[in-house]
Structure formats: C-alpha cells, structure tokens
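Read top to bottom, the protein sequences are chains A and B.
Heads up: the first sequence begins at -6 in my numbering, then just goes up one per residue.
Heads up: the second sequence begins at 3 in my numbering, then just goes up one per residue.
Please note that a few of the clues may not be correct.
[What the hints assert, rightly or not] Cross-link-like lysine-lysine pairs, in silico, BS3-like; alpha carbons within 30 Å at most:
(1) B:Lys54 to A:Lys290
(2) B:Lys67 to A:Lys290
(3) A:Lys67 to A:Lys290
(4) A:Lys67 to B:Lys67
[As the list claims (entries may be wrong)] Facing chain A, according to a computed beta carbon distance under 8 Å, are these residues of chain B, among others:
(5) Gly65
(6) Gln69
(7) Arg74
(8) Gln80
(9) Tyr90
(10) Ala94
Bear in mind the hints are in silico, worked out from the structure with no lab data behind them.
All values derive from a computational prediction rather than experimental measurement.
For every residue, glycine included, the Cβ atom is placed at its ideal position computed from N, Cα and C.
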Amino acid sequence: MIVDSSSVRFASLSLDSGSTLVDVDVAYETYGALNAARSNAILVLHAFSGDAHAAGINHEGKPGWWDNMIGPGKGFDTNRYFVICANILGGCRGTTGPASVNPATGCPYAMSFPVITIGDMVRLQKMVIDHLGISRLLAVAGGSMGGMQALQWAVQYPDAVVAALPIASTTRHSAQQIAFNEVGRQAIMADPDWNEGNYYGQAPPARGLAVARMVGHITYMSDDSMREKFGRRLRGKEAFGFGFDVDFEVESYLRYRGSQFVNRFDANSYLYITKAMDYFDLTGGNGSVAAALEVAKARFLIISFSSDWLYPSYQSQEMVRALRSRNRDVAYVELQSNYGHDSFLVDVAEQSALVAGFLSTTFERLT
Amino acid sequence: MTAKAADELAFVREVLGRSDYAIIGDIVERNSRVLDLGCGEGELLEWLAVNKGVDARGVELSGPKVQRAIARGVSVFQCDIDQALRDYPDQAFDYVILSQTLQETFRPRQVLREMLRVGRRVIVAFPNFGHWRVRLSMLLSGRAPRTSLFPYEWHESPNIHFLTIEDFEDLTRKEGLVVERRYFLAGHRKVTFRPNLLAETAVYLVSSRV
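With the hints as constraints, model all of the structure from the sequences given.
Structure representation (structure tokens):
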C-alpha cells in the first residue's frame, strides 16, 4: 500500500504561552475509509521523533513507524477503522516548526519560534480533525509522547474522545526523564555549529544532534536488549584497537543511529519538542492526577512494558489508580518484554491483540 | 418432561460450564455496575455484559489472564485485590464479586469489609472445606486433605485460609452482615439438606446492615 501525505494550512493557532502562530501547516496521512456515520476515526499520535507517516509504504519506499500495528487485520484494523496521523506542531516533517519560514520575516523562525506545549499540539490536531469533518474520535492512541497527547486529548476535548490509549507513557516527566532531555539539549547547544539556532542554510549542529540521539537510543533500550544485540562484541576486528575509533558493536550502532538522525531531524525541533515534553503536566502543577482526569469521559486502555525504565510501569499505574479513584472505565496491563521503551514499537504481537479487542468492543458499543 | 418436573429435579443450569457462575448470573440485576475480583480471563464479566448489559470491570493479578480479558473487550486491570479495592470510592458498584478466591486472600475479613465499602452488595462463592469428602480424607489419611475440590499438595496450594459454610455464617454474624441469599451446590445439584456436610460450593449474596 503506497500512501500519500496530505497537508492543510490554518490561518492562525493560539498557543498556551499567549502568542499566536500564523499560517500553520500540518502534514498528515490517513489509512482506511471513514464510514458514513463518521464514527470509526482513530487519531494515532506519534512519539518524539516520529512523523505523519505511521503506516503503509511512502514514495521513498519507507514503511510507517507503526506499520506493524496499523493496517488491514492489524491492531488498528484499517478494514474497520479510519486511521489518521499528523506530524506534531514544532516538528520538522511537514508541520510548522522552528525550521519553517516565518511569514512575517521571510526567514526561518529558528529560536524566535514560540515555546510550545503538548496542549498546543493537541489544539492543532483538533483543527485537523475538524477539517476532516470528524466531531468525535473513536480513539486517540500513542506511545511515549504520543501517550501524553492521548491523555491531553481526553481532558482537553472530553466530548470528542470515546477511548484513549496511552502506551508506555506518563502524566508528567520525572526528574530522570527531564535530565536525559537536558543532556540532549545541551549536546546540541554546545555544538558551535548550533550558532544560537541560526544554522539554516549552513552546516547544522550535526555532532551535537547525533550525540543527543545516541543518549536517546540508550534510554529506549534495556540492559537485556543491549546485551542481546551487542554484548561486548567487537566491530570488524579481532582485538582492541587501542585507540578511540570504534571498537565495540554498540559504539558503531550508536554512531550510525546518531548520524542517520541528523539527515531527517532538525536540531531546533529537538529543543522545542523535548521542552514541550518536560513542561507537560496533566495535573497542571497541582499534583492530583485524579482531579486532572475527572473531566475525561473516555474509556482507557493503558499499557506499560516490564523492561521500560525510561517510562516505568509505576507511571502508568498512577494513571490507572487515579482513574479507578474516580470510578472510570480503565483496562491496564504490564506486558513482559525485553526491548525497553522501544517495546511499543517493536514487540507488538500482544499489544496488537489488546488494542484490537479493546477497540472492537468500544466500536460495537457505539453502534 | 414438563417444566415443573425439571424444576423439581432442581438441577442448576450452567454458565460457561460452572454452576456458581449461573447463580451469579441470576443474582446480578440488569444494567448494574459490577466489579469482579480475581476475574481470570473475564469470561463471567463478558457473559454479564452481553446477557445482562452490566457495566463490567475486573481485577486480575496474572498478566497473561489480563491480556486475554482485555483482548475479549473486558475492562480489566492488573492489580492485586487489596490494592484495587483501596483505590475505589465508596459504593462505586452495585455488586462486587469474589468467586473462589476468598480462601486465597491474606486477610479475608478485611477484604470482605472493603468489598462492602466499594459495593452495595457482595457476592462471594467459595469451596466448602466442611464437605464430607474433605473431612473423610483427613480422617483416613491423617494428612492435609486432598479431594477433587482441593487437589493441591499442602505446599503448592493457593488456598491459605480454609473455611467451611459454618465458618462463613459465623463471620457474617460477627460482622453484622445481612445474608440476602445463600446457595449450596454439589456439582450441578442444589443442596438443601445439611449443606456444611454435603455442599462443595457455597454462593452468598450479602450486604451491610444499614
């Protein structure tokens, strides 16, 4: 299935910070068909470095980031549901972000781009949904930062969400999660090529961005999965090189992933999006997840993974307890997986069965 | 066979192969709110949702069982019973069900109290340790009894608090509970005579005296 990306422009978007963005573009893709009642739409929300290309094969021959979950007969069954995925605000894959041209100046925004929040991302997604003529979503679903957006949807537009599926996610970042993001940001800003964010049209801060990505990849894996994948194996040699070139497989892998990332991601987007994640707090700072979720009307399926130490299960369980204390409809399970935070992207057999069953009864109750 | 004759035989029908489920299915009123503690793969909850239109929720500790329950569309979350009850607001449910699990809990009395805080009524089904086969097994073998109802070696058994029908009756009196209904079963047969000796399973519907 070759998929096309679509784009829509909105005249303006007001932001939580008080500022307003004008001429905001959003890139999105859709899979499956919207039914006559417009009741089978599912918005899939991508994680930090994802994009609108969630499923199918694009014109570059690349499969979508959740292609194992979205498609005919898959967890999000496109024979039954109409699935939408849009690149987030602040991104660099077709939606307006710091690399976009500011219509007021004719130059890229760079660091003059306003600071954005998860709430802003969701507000823009709501505009896309309205644009598509959908008033209520059967489900909002996503892993990691996609899960934050799903939670935000459930409280920001409670009447527009029938079901929410936050996977491997949290209601707010812990100090540890903020710390890893800060290391990534500092790596970028310490690169002289970053140049206070003004690198468009010249060499980008490739080394800083690559290091940021290397740190990210470590946090997405687990001790077990790294041992299994790399161990202490050497890369293309029988003995240590007694130097600082690549010796170990794991070094080679991280360098490769870092350099690949530079080709597809904007360093300033990295800064803005990680900041939005760190600012995210569903409780609005008062600490009560239960009070925050009080307004939500959706039923919830919450999933965490046993080896995910970046978004540990206790964070999902906090949501579950909060929903339970308000007697909300919530299903939860911790799946056993060795793949760490990446599990929701790569270890999807059990996740697919859960999502399919949950969506099926949700949809049947509607009709 | 006439309907009357069938009634006189007093065979309990089955739901999902279990008579205690059939009784629970009869007790639960339509469109009520039900919490099933230790709900396994959610078979009973699914049956109640489909046949009685209940708002069905479940708690189960085993991850694989929770997965199968969610995959069949039942809202189940993975948690132990004590923790699950603690978080719910008062009187959140019309019925809280504990089927064949009371004898496996660490503090059955506290569990019962918490169930009655969270639910208006409680349905408890448990295996009767007073059944004659259990008594005979212990008397003759001199060892921890093993019967079809209690098939485990003592060190492998999930059952940690053995109780009989008389014990449960005693507990309801001590707790000042109202027994609204009680059913006694041997296999798929109703037991009316000397249940503490002849019944294998008991099902109680109890509520607080308010």
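Status of each hint after checking the structure:
| no. | hint | verdict |
| --- | --- | --- |
| 1 | B:Lys54 to A:Lys290 | 23 Å, holds |
| 2 | B:Lys67 to A:Lys290 | 27 Å, holds |
| 3 | A:Lys67 to A:Lys290 | 26 Å, holds |
| 4 | A:Lys67 to B:Lys67 | 21 Å, holds |
| 5 | Gly65 | 6 Å, holds |
| 6 | Gln69 | 6 Å, holds |
| 7 | Arg74 | 6 Å, holds |
| 8 | Gln80 | 5 Å, holds |
| 9 | Tyr90 | 6 Å, holds |
| 10 | Ala94 | 4 Å, holds |
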